[in-house]
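Enquirer: Residues per chain are reported as follows:
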Amino acid sequence: MTTVLQTEDLKVHHKTPRGMLRAVDGITIHVDAGETLGLVGESGCGKSTLARCIVGISQPTEGKLTLDGVQDEGKGINRFARARAVQMVFQDPSGALNPRLSVGRIIEEPLMVHRIGSKRERRKRVEEIAKQVGLASYHLKRFPHEMSGGQRQRVSIARALALEPSLLVCDEAVSALDVSVQAQVLNLFIDLQKRLGLAYLFISHDLAVVRYISHRIAVMYLGRIVEIGPAEAVWSRRNHPYTRALINAIPDHAVGKDKVELLEGDVPSPVNPPSGCTFRTRCPFARERCAAEAPALRDRGGGLQVACHFAEEIEASNGVDQTHLADSATAKEVRCAS
Amino acid sequence: MSLTPAAPLLSVENLSISYGDAVPLVEQVNFTVRRGETVGLVGESGCGKSLTALSVMGLLSENLRTGGAIELEGTNLINLDQKALRHYRGNRMAMIFQEPLTALNPVLTVGAQVVEVLRAHQPMSKAEAEKRAIELLEQVRIPDAAERFHDYPHRLSGGMRQRVVIAIAIACNPSLLIADEPTTALDVTVQAQILQLLKTLQREADLGLLLITHDLGVVRQVADRIVVMYAGAVVEEGPVDAVLDNPRHPYTAGLLAARPHGSFSVQGHRLLDIHGAVPPPTARPEGCLFQPRCIYAQDDCKAVRPQFTTLEADRAVRCFHPVGRQD
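One line per chain: the protein sequences are P and F, in this order.
Number 236 in the numbering used here belongs to position 236 of the first sequence; there are no gaps in the numbering.
In the numbering used here, each residue's number is its place in the second sequence (first place is 1) plus 1000.
In short, the hints are calculated from the structure, not lab data.
Yeah, the Cβ is synthetic: ideal placement off N, Cα and C, and Gly gets one too.
Heads up, some of the hints might be wrong.
Unchecked claim - Per the computed footprint, the stretches of chain P lying under chain F, defined by three or more beta-carbons under 8 Å from a beta-carbon of chain F, are:
1. 168-180
2. 234-246
To be verified - If we take Cβ atoms under 10 Å as the criterion, some of the chain P residues that face chain F in the derived model are:
3. Gly-26
4. Arg-282
5. Pro-284
As the list claims (entries may be wrong) - Listing some non-contacts, in silico: residues in chain P with all C-beta distances to chain F over 12 Å:
6. Phe-80
7. Ala-249
8. Val-271
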């Protein structure tokens, strides 16, 4: 299978008056053609910064980025070539669409910029794409404000597909939609992938959405990947305490009341991250080793990679009563030591 | 005020909200909230959830007309003027909004904002109010409350800001708390913290809680009863587990089925979406409001609007052909 996206030790660091802000701190991922890599994490973990690097809105400070076989070694990739390789679908379709252009013109614009086809050929292509995303030809004469949120998101997707990219970066692309419409758009993403062999980097804070659509899932915390692997392995084996906390915090209708395991506090500042494992300040399993030594991603079998010293123990304790583990005296001590 | 334990704290009867005479936004909404009870008001955007909440608080814009009755501890709030309402808002009922950053004043410290509410409603010296404000910040589990008192909202995280908004809401010991999407802007781990806080505060003060949300998981976790709204009307009501385990209205069933579940790459299943979208108030259909999107719609659904009918004890649905099991 061809790899459409490969990053190696990608970093985005910003100088701030308070010190270096490590928004993205050494991310190595790849996405194959026809595959969906889901990226989850709380706000401020660097998901969106990584997405913006990949589509070229921001520049990485370090690391390698390869898109469709074309490598960026610091000088950037030609923006026309890049636009044909990767496109982005944003969260808020009303903000992402020009309110003064008709839907037809919005979808046609990438073709015009890239000087593809004659006017008539372009119109024909626009109608084809519109049909693919479930828009009727009368929609093409409308303006974004005349459409519902779900239809507007279809327009964003149509525009992203105009140049036939091999990778779509979807940054919270269904988060602003109501659940009945969200299901329509998720189904559309799946249909398009099957039909066009598209690859997705699907970013969301909603784990249920990511689990549904992804082949593989990467979990990010403070600019780093703490767990990555096949979607079902990440979801059901819950090797990293952060993954486990994220899943347990979902108010699922299958989970009984008052059974939610709470994670204390907020994500620490990326300007001054904790020493060792950056998750230890919120981790119920934290020990002395976690403050001293940063865990690297390591293989846990079945394609699963986890950055935690105690992944074996955590996997074994899943589903077991955790009251004796959580909030042990040592864990509290390590969490409080900064 | 003497109240029998069974009397509801809040009782909304036949509430209607319209724009002028022509455009009804909310129609025939009935529900009650008892002390110590959490009622989840759910539905998609444009269903009238927030309008209903704002009408209870008396915060609707002036060009909207309200009909029916909203009774809080026996007083009909609809007949009250703004001056009389001010006595109820804050003191007897309070509201938590979705976005804490816009609900808080960016140029005042969070402490000053809690003090402001206290002194507006209760005769209190500044020193007393400050002391009470710090207690309130501690009550909503803000660490180092005495120090955070002097912080501006932008210095706090989203979860901490929402705790401040909650502290302001409970400052004058209201009996009814209305929370409009209180955790939608928050991360899932912080959402769990805030939901637990709301439950604890409710238990401590025997509050009635009206929780507005689009998230059925949140409702399941927190609420005792659920009221489902669609296109400005209540379509289903009942105990939360009964309704979510065995929905009787096709819209409730559709919402549950549309939620992402499982893994496509493993099971290969499509999500069951509800085709179309919620109609705007100006284009609501004849007959049943849900009929154009309903896969069970028959001829009678297109002709007549169904009444809200009681199915069994404590459950009601607005549908001619309810789905699910008959218990």
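Enquirer: Could you run down the list of hints and mark each one as holding or not?
Expert: Verification of the supplied hints:
| no. | hint | verdict |
| --- | --- | --- |
| 1 | 168-180 | holds (count 3) |
| 2 | 234-246 | holds (count 3) |
| 3 | Gly-26 | violated (23 Å) |
| 4 | Arg-282 | holds (8 Å) |
| 5 | Pro-284 | violated (12 Å) |
| 6 | Phe-80 | holds (33 Å) |
| 7 | Ala-249 | violated (4 Å) |
| 8 | Val-271 | holds (14 Å) |
Figure legend: structure checked against the earlier numbered hints; hints not met, in rising order: 3, 5, 7.
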